[in-house]
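**Student:** Sequence:
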Amino acid sequence: MKIVIYTTSYCPFCDAAKNLLKSLNIEFDEVDLTDNLEERLEISTKYNWRTVPLILINNKLIGGFDELNNLNNNGELESLLSS
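Just add 5 to wherever you are in the sequence shown, counting from 1, and you've got the working numbering.
These are computed hints drawn from the structure, not numbers from a lab.
Hints may be right or wrong, so weigh each one.
Calculated pairs, DSSO-like style, for lysine-lysine (alpha carbon to alpha carbon, straight line, at most 27 Å) [as the list claims (entries may be wrong)]:
| no. | residue 1 | residue 2 |
| --- | --- | --- |
| 1 | 65 | 27 |
| 2 | 23 | 7 |
| 3 | 7 | 65 |
| 4 | 65 | 51 |
| 5 | 51 | 23 |
| 6 | 7 | 51 |
| 7 | 65 | 23 |
| 8 | 7 | 27 |
Estimated spans, in silico, between C-beta atoms of each pair [as the list claims (entries may be wrong)]:
| no. | residue 1 | residue 2 | range |
| --- | --- | --- | --- |
| 9 | 28 | 7 | 17 to 27 Å |
| 10 | 79 | 40 | 34 to 44 Å |
| 11 | 40 | 84 | 17 to 27 Å |
Note that beta-carbon positions come from the ideal geometry of N, C-alpha and C, so glycine has one too.
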């Protein structure tokens, strides 16, 4: 299982997503796109997702903080991570 979060330094939803995962003791890799517009455009085009955080679990887009939080609140995050 691998989680990657694409973030920017000025994004409160990015911080919320990272804090949620940390509170659940779930490891993740962070890719800070603050100073890398080229990579940000590439990632947003590849996944058709225009905002950060952009969260991937096993290379599959799950969405942003709201989607991550909903998965957690519905009890689906744990099963998604164990599959």
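**Student:** If a hint holds in the structure, say so; if it doesn't, say that too.
**Tutor:** How the hints compare with the structure:
1. 65 <-> 27: Holds, at about 20 Å.
2. 23 <-> 7: Within the cut-off at roughly 14 Å; holds.
3. 7 <-> 65: Given that 27 Å is the threshold and the Cα spacing comes to 10 Å, the pair holds.
4. 65 <-> 51: This hinted pair holds, its Cα atoms lying about 11 Å apart.
5. 51 <-> 23: Given pair residue 51, residue 23 holds - Cα atoms ~22 Å apart, limit 27 Å.
6. 7 <-> 51: holds (18 Å)
7. 65 <-> 23: holds (18 Å)
8. 7 <-> 27: holds (14 Å)
9. 28 <-> 7: 17 to 27 Å: holds (19 Å)
10. 79 <-> 40: 34 to 44 Å: This hint holds: roughly 35 Å between Cβ atoms.
11. 40 <-> 84: 17 to 27 Å: Given range 17 to 27 Å: violated, Cβ gap about 36 Å.
Taken one by one, the earlier hints fail for this structure only at number 11.
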